Structure formats: C-alpha cells, structure tokens
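Enquirer: Taken in sequence, the protein lines are chains U and H.
Be aware that the first sequence starts at 1, since it is given in our numbering, and climbs by one per residue.
Be aware that the second sequence starts at 1, since it is given in our numbering, and climbs by one per residue.
Since the hints were derived computationally from the structure, they do not count as laboratory data.
Please read these numbers as outputs of a predicted model, since none were measured by experiment.
One or more hints might be untrue.
[To be verified] Subject to a maximum C-alpha distance of 25 Å in a straight line, what follows is the list of computed DSS-like cross-link-like pairs (lysine-lysine): (1) U:Lys153 / U:Lys134; (2) H:Lys80 / H:Lys118; (3) H:Lys30 / H:Lys80; (4) H:Lys30 / H:Lys118; (5) H:Lys30 / U:Lys134; (6) U:Lys134 / H:Lys99; (7) U:Lys153 / U:Lys64; (8) H:Lys64 / H:Lys118; (9) U:Lys33 / U:Lys153; (10) U:Lys135 / H:Lys118; (11) U:Lys153 / U:Lys35; (12) U:Lys135 / H:Lys64.
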Amino acid sequence: MKKIIILSLVVLGGISAFAQTDSTVAKTKRDWKIKTALSFAPGLLTEKTYSLQLQGYLGFMQQKIEWRGEAFYFLNSFGDRPRFSMNHQLYMGAFYHFTETAFQPYVGFQPGIALSQSLEYGSLNATTQELEYKKTINPVGSIAAGFDFFGEKFFFLFFETRYIFGRHKSDTYPIYLDELRFSFGLGITF
Amino acid sequence: MERKQLLIIFLFTLSTIVNAQEEKKEYLEKGQFSLGMRTTTSVFGHDGVPGLGVGGQFRIQLLKYINTEWFADYITMDLKSAGTRNNAHIGWSVMFYPKQFNRFVPYLIAGHCFDYAKVTPLSTPYQDRTADVVSRWSSAIQGGLGTHYYLSDRFNLTFSAQFMMHLGNHLEYELEETTSGYYLNTNPVAIEPDPRLESHLLLTLSLNYRIADFW
C-alpha cells in the first residue's frame, strides 16, 4: 500500500512537471498577437478649443503587456483658440492589460514626439522681412487608459482616453501641447 | 527492495526540483538583448528650468551582474519664455546589479556620452534674433542609481536618477530679468565665463522589452 502511494506521488509529480512544460511549449507557440487599428480622435484643449486627429496604431501583445507604436495625423482644430496649424504626433510605449478575457481594460504610458507649428506666434525673418511660423519637433508624453473588447475572430472594439503633455518650442513663444484625447473604433487582431 | 525505494525517492525529489525550477524565474541573465523607449526630465541645470525629453536605448547584458545600456535622448527646455534650449545626448553606460530582489532589480550606473546643445533666443514679429543662436558639442560623464521592475519575464519598467557632468566648453548665455520678463543674452563679450563644470540631474523612466538571448 505504502509503495503504491509513493509510486502514485512520483507519477503525479512527474506528470505535473511535464504537463507544465507542455503547457509552456503550447503557450509559446501562440502566446502573442498583433493588433492594428485606425480611428478618429477628438481632443479637448484649454480655452474651449477642440482638435481632430486621425489615429493609427500597431501593437504587439504578449501575456498582459502590449507594446504599441502610434501615429496621430492632425486634421484640424476649432473653438476659441485653435493654436496650431500642425500638430502631428508619434508615440511608442507600453500598456498593461488587467485581464486576458474578451473584455480587457488597460493603462499605458507612451513617450513620443510632436511635429508642430504655431498658428498664433510668428517671428520676423530679417532677410525676407516676412513672418515665419517654424515647424519644430518636441518631446511629448502620454498617459492612457481604455479597454479592448475582443470578438471571436479578427476584430476588436476599443475605447481609449489619454492625457498628452508637452510644449511646442521654437524660436518664439512656447505653447502648451497639453490635451485630453479620446478615441473609439474597431481594430483588427491576428 | 532498498534500491527500489531509493529510486522512488530519487525520482520524487527530481520531479519536485523540476517543479521548483519552473516556478523560480531569473529575470536577468547574461546574453540578453532588450530594446526600449524612455522619457527624461532634466532638473537642477544651468537655467533652473526643467526639460522634457524623449529617447530610446538598447541593452546588452555581458555578465550576470553587469549590463550595458546604449542610449540617445532629445531634450528641450523653455528658458522662461525668453528662448529655447535643445539638448541631444548619445552615449553608453555600464550597469552593476549587486542583488536581485525577484521582480525588483536595483542597480548602480555610470557612463559616458556625447552632447549637443543649442540655445535659441526668442524672436518676435519685430525682432529677428537668428544671429544670436549659440550651439556646441561636448562630452559628458554620468552616474547614479536605478531600478528595474519586471511586469513580465520579458518586459520591465526602469527608473533611474543620474547626475551628468559636462566636460567640454560651456555654452555661455545668461537669462537676465528685465521689467518686461526675461531676456536671453548670448553675447559672449557681455557674459562673465563660469569656471564651474556644467551639470544637471537626469530622471529617466523607460520601458524595455527583451527581444533576444545571444548567449
């Protein structure tokens, strides 16, 4: 009887060890996915001003971590103080997903750069005697939170909000790039 | 009979060891190669204004306790609305891990970088100060403390604080307080040279992903 118990323990122990190795192997076969999405992203700035951007991203997801590169193409801004004539942005950063189910809330942080141009402040070019509005590249950062809702195959729905911080600096007065931006759309995952 | 029992005990012990090894994770090992993005704040510098920067790095771990980091940063500063300072760093550092605390891995860091700095005074619709732009290349050394925090076996968040000391020529300029705000003076004749080494503190938050194990 004693022998049978010991033998059973050994077999069970061995099986569980190998089962874990097998599941790890199975996991490594397909424990990642690619996500991509395109969306319109409206934003809120101070002084009753709104912006509209076209957003596109490509993400690589493994376990609960998503590594994502993102681009925002500035379309227009409206309201009391539309301060930029250009404000394109590129980001690269990571997101942490709280679950691995169909509904996945997440938070993330992305450093990035903004290619921006002021609509308000120009500087004199002494040679041409004309006002110039310089385009400059400035660092920005973004803290984001949102959720993904995955369908059975290929598609997912997402809603996201992010706070962007940074400053447009050129050869004239600096302007805050701070903005609260929302995005909502349908993406593809495979 | 005894031999059989010994064999059974040996097999059981072995299976327990295998299980234990599955649970225990080594987050940092030699030969690992990772890529990352970083955001940097520069404080306590020449002008008393903070800067915001963006950059990237890769890391190659040479030994169990020694890692290397190769980085590039681009930092901009608003000089009290009187001008802009842009800094670019490209360099490398050596990281030493005295002890690993599971997901937390603190380290000491020291290294060297090349630095480009450019100061652009404010121009207005009535005044063009393009001719007053000053810039220089220099070299710097940096050192400090940091820590990784592993969210998964491949992904880590890293925070570091490093003191950077510039070894090359100063970029001579002064922020002068006037009745209508600050004025950025870049005229070298009017500025008394500062004999001290230029230095500042860099606070860096980075996200890193291990993409390969080379050895």
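Enquirer: State for each hint whether it applies.
Expert: Against the structure, the hints come out as follows:
no.: 1; hint: U:Lys153 / U:Lys134; in the structure: violated, 46 Å
no.: 2; hint: H:Lys80 / H:Lys118; in the structure: holds, 16 Å
no.: 3; hint: H:Lys30 / H:Lys80; in the structure: violated, 46 Å
no.: 4; hint: H:Lys30 / H:Lys118; in the structure: violated, 39 Å
no.: 5; hint: H:Lys30 / U:Lys134; in the structure: violated, 47 Å
no.: 6; hint: U:Lys134 / H:Lys99; in the structure: violated, 50 Å
no.: 7; hint: U:Lys153 / U:Lys64; in the structure: holds, 19 Å
no.: 8; hint: H:Lys64 / H:Lys118; in the structure: violated, 39 Å
no.: 9; hint: U:Lys33 / U:Lys153; in the structure: holds, 12 Å
no.: 10; hint: U:Lys135 / H:Lys118; in the structure: holds, 16 Å
no.: 11; hint: U:Lys153 / U:Lys35; in the structure: holds, 12 Å
no.: 12; hint: U:Lys135 / H:Lys64; in the structure: violated, 46 Å
Violated hints, listed in ascending order, are 1, 3, 4, 5, 6, 8, 12; each of the other numbered hints is respected by the structure.
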